[in-house]
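Q: The listed protein sequences correspond, in order, to chains A and B. Under the numbering used here, the first sequence has 19 at position 19, and the numbering climbs by one with no breaks. Under the numbering used here, the second sequence has 863 at position 426, and the numbering climbs by one with no breaks.
Quick caveat, the hints were computed from the structure, so don't treat them as lab data. Check before you lean on any hint, since a few could be wrong.
Partial list, computed: chain B residues near chain A (C-beta under 7 Å) [as the list claims (entries may be wrong)]:
id	residue
1	Pro-488
2	Phe-490
3	Asp-491
4	Arg-521
5	Ser-523
6	Asn-524
7	Gly-794
8	Leu-796
Note that beta-carbon positions come from the ideal geometry of N, C-alpha and C, so glycine has one too.
Chain by chain, the residues:
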Amino acid sequence: MTGSRRTAAPEVAVDEAAAGFRTYEVYQRERVWEPRPPIKPRELYTPQFLDDPYPVLTALREATPCYRDWPGNAFWVTRYDDVTSVFVDEPNYVTRPRAWFAELEGIGQNRRDEIAVRGCVTRIVDAAAAEVAHALCDELAAEQDGAGAADLAIGFAARYPVELWARVLGLPAPSFAWFAERLLRLRRAGSWEPRSREDARTAFHELLAGLQPVVAQRRDAPGDDLISVIAGLGGDERDVVATLLEEDHDTLHGSLANLWFLLLTHRDQLGIVTEERRLVKAAWLEAMRHSTPVLIARRFTRHEVERFGRLLPDGALVVCSAAAANRDRRAFPDPDTFSITRKDLCHREARGHYRADGLCSPVSFGTGAPSKHPALPEDRPRSRFALTRDTAVTASRVLLERLGDVTLAAGATPTLRSLQWGELRTCWSLPVTFTPR
Amino acid sequence: MASSCPFHAVVDRAFGIDAAGVPAEPGARKDFPLMPVGTALDMGHAPDGTPLFDPRIFTTLEFQRNPYPYYRILRDHHPVFHDRLSNAYYLTRYDDITAAYLDDLGFNTIPKGSSSGVLGNTQLELSGIEHRRRRNVYGRHLVGLALEKRKPYIERLANELIDAWGLDGSSGTIELARSFANEFPIRVVCQVLGIPDDGRDRFFYWYSSMMNGLGGSDTAQQGREARQDLEDYVAELVEQRRKQPTFLYDEAGASIGKDIISELCATEIDGDVMSTEEITSNIALVVGGGGETTRGAILNMWYLLLQHPEQFAAVRADESLWDAAFHETLRHSTSIGGQPRQTTFDVTLHGVTIPAGSLVHCVDVSANHDDRIFAEPESFDIFRPDLYSGKLLRSGYAKEGRFSHMAFGVGPHLCPGAWISHQESVIGSMVLSRRLRDVRITVEQMPKDIDGTSLAPIGLGSIRNLWLDVELA
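Please model the entire structure based on the sequences and the hints provided.
A: See the structure below:
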């Protein structure tokens with residue numbers, strides 16, 4: 001009945017009769033302490049919030065550690081220490097699957113955490129990262145008859161992750177456009193918007209149908225790709241698509257677009273990375289901190305939790321705002337400035353903690369729990385965070401190399417924007433001019 | 438296919454393909470234009486033809502004025518609708534809601550609804566034995582004999598309010614809310630609670646502020662402040678009445694009994710007297726529940742009856758029909774949309790798993806318009822054979838093709854003010870109709886529908902104003 005609570009709560013003698021009254025009293029206090037709300041209730045859901053969420057998030061962060069969002073029936077956590085504390089607190093908070101239909105239809109097993117799968121993805125992505133970037137640069141250079149004008153957001157950032165995943169799956173070139181369109185649509189599977197979600201579901205079934213013969217063929221004649229690995233583990237096309245569905249496609253796309261948006265709108269910073277190519281990694285980390293593409297992470301309480309001066313009921317939705325945490329001046333002095341050379345940003349990977357070397361890491365992945373495979377030997381697959389970071393850095397280095405004197409096209413005023421509430425906040429159009437090399 | 442949607446554009450331009458089926462990017466409000474009443478906006482379809490439901494519509498004007506076709510979509514195609522934007526589930530069928538209300542264990546009342554910030558911790562949020570012990574303490578003042586004894590006061594009050602129009606024997610234009618319906622129920626509440634006359638104007642202000650502050654709205658702060666004022670005021674009364682209880686008297690000067698506050702002061706629950714906080718919270722609830730909803734019921738009832746003159750004539754000819762008119766009004770257009778519940782454990786209903794701890798909205802309004810229960814639910818018909826309009830029962834009523842409406846709920850949390858609300862509305866309206874020789878809606882003063890000529894639909898909640906041309910007897 002209340003099984004989850006029984007197993008998760010510490011072993012304390014519970015006075016059953018008094019339990020309800022305790023809850024009641026805590027709520028009494030909560031009502032009395034309710035501070036003056038820092039924002040209007042609907043401000044989290046306005047079109048302005050899609051364009052620039054930071055003023056509202058700053059108001060929340062400075063006023064209260066945990067904002068009760070009534071219209072969204074959620075609790076917003078906005079301070080750096082609080083957000084990271086939720087990410088690492090797996091006994092108290094749980095992540096729910098993004099796509100309802102995979103679970104509902106009993107489709108597939110998500111195999112992304114298995115060693116063989118991770119190893120395969122890592123190997124292929126590493127091998128193909130630079131190659132794919134060069135191929136895309138060739139296309140950029142060829143655009144408009146080699147005039148050196150292209151759109152980085154569309155021609156590079158949006159395409160790059162899809163091309164990589166086509167390599168990972170080992171799809172033949174002719175089926176690429178087919179796959180790309182469906183993968184992009186599949187990314188909206190977790191949306192609250194019913195048309196997007198239905199569309200993702202359609203894409204999901206189309207992918208299943210399309211991949212079925214490929215899986216059957218690879219089962220007999222395995223190659224060096226993810227489909228063969230999953231087939232070798234006894235999986236089928238449903239497992240392949242379930243794994244794709246749970247992978248993060250947004251962050252690589254969004255971080256590439258946001259990094260280049262920030263570099264092109266901050267010419268001095270672009271100058272720094274042009275001079276010092278090794279600083280591209282720092283630039284990427286700083287871009288993730290300054291303008292994170294994924295704004296929120298959702299967690300649900302496993303049972304009643306008293307935290308942030310509130311009683312979070314069983315099953316409460318806790319919205320961890322990465323955007324607000326990354327601009328928290330308690331963690332990063334001068335948080336609104338985009339500065340590659342800032343000294344207060346941790347460049348190491350956050351594995352189960354966010355303050356390695358006493359410095360704060362950007363909150364861009366919910367890299368909460370340490371790896372499931374803590375004691376693997378040297379060939380341990382890198383984490384998803386490290387893989388995305390390295391891939392983005394490789395791609396950006398290739399861009400720097402191939403696009404000489406890259407600069408914003410005349411008259412272009414690019415902006416960062418979420419298309420729908422809760423979706424990727426990134427630059428959707430970034431026209432540039434350059435000298436092809 | 439060219440598109441203005443950036444996502445669309447990315448798919449198109451990045452891969453040179455036509456992403457057919459990717460939805461156009463909806464803007465803000467222009468996606469929800471006002472539709473003719475009874476017609477739903479097309480919000481898209483799944484490949485199998487199932488209509489889709491965009492959760493943003495819940496906050497639009499279109500939904501506010503024309504909710505029923507949308508609830509029909511939910512009932513027919515999404516009996517358990519998961520609104521991912523606001524992290525809630527909607528139950529919309531009569532049977533599901535009845536089952537949820539009767540299942541106090543599985544669907545508990547713990548969710549501190551957005552009302553609790555303003556009203557405090559009330560009976561609305563207690564469950565099980567805690568709730569049951571307190572229920573009768575409040576409830577017994579609002580039923581049975583206590584009610585009968587109050588009847589002369591209610592009649593006198595209605596007559597006083599009508600006298601104040603100064604229209605005896607002549608005709609004029611009145612606004613029913615301002616000159617009758619706003620004040621009438623709140624005066625009854627004050628009388629039941631034993632609030633002294635000098636506090637009643639302030640009471641009315643507190644009550645309106647608290648009502649405006651519900652639902653986590655922009656005015657929630659004003660609601661909380663009003664709630665605090667009310668608390669201070671009532672706390673003082675409570676302290677007085679702990680020492681010196683006050684009594685109510687009938688017309689003849691005989692004591693009816695203690696007023697509710699005095700009763701509550703002396704009541705022991707679990708061997709302990711009730712705290713002032715607890716008394717105040719529940720008084721705040723009685724003020725809200727007894728005022729706003731009855732006001733809405735009276736206004737809606739007159740608005741609907743006057744738009745159906747043959748039914749109004751029948752009611753005037755036979756006063757026993759006021760009961761049916763009252764219940765049909767509540768079925769057709771009730772003030773309270775529904776009640777929140779929280780799942781105690783995972784519940785699977787119609788193939789959807791609702792995780793433990795989820796907020797579940799039981800939409801009473803939709804249950805009342807469920808055509809599995811009520812034939813032609815959108816029409817107002819006080820003679821409808823499938824509506825039960827007898828004595829209100831906690832268990833609900835479902836026999837021989839007659840069903841009770843859901844406006845008061847069923848089960849342990851059945852509205853404790855159901856009986857007094859019924860009594861007030863019916864007696865008030867009866868007195869009103871006896872005094873009126875002629876009455877019609879002042880159409881030119883009333884809000885119009887989108888065609889600009891017909892009267893606006895009630896939609897959710899109740900109408901705010903009702904202008905009437907009246908001629909008094």
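Q: State for each hint whether it applies.
A: Status of each hint after checking the structure:
For Pro-488 (chain B), the interface hint is violated, the least distance from its beta-carbon to any beta-carbon of chain A being 9 Å, above 7 Å. Of the supplied interface hints, the one on Phe-490 (chain B) holds, with its beta-carbon coming within about 6 Å of a beta-carbon of chain A, less than 7 Å. The closest approach between the C-beta of Asp-491 (chain B) and any C-beta of chain A is roughly 6 Å, which is under the 7 Å cut-off, so the hint is satisfied. At about 4 Å, the closest approach between the beta carbon of Arg-521 (chain B) and any beta carbon in chain A falls short of 7 Å, and the interface hint on this residue holds.
Annotation: Ser-523 (chain B) was flagged as interfacial toward chain A, and the flag holds, the nearest CB pair being 5 Å apart, inside 7 Å. With 7 Å as the threshold, the beta carbon of Asn-524 (chain B) comes within range of chain A, its nearest partner Cβ sitting at about 4 Å, so the hint holds. This hint holds: Gly-794 (chain B) has a C-beta 2 Å from the nearest C-beta of chain A, less than the 7 Å allowed. Taking 7 Å as the C-beta cut-off, the interface hint given for Leu-796 (chain B) holds, the closest approach to chain A being about 5 Å.
In summary, the structure is inconsistent with hint 1 from the numbered list given earlier, while agreeing with all the others.
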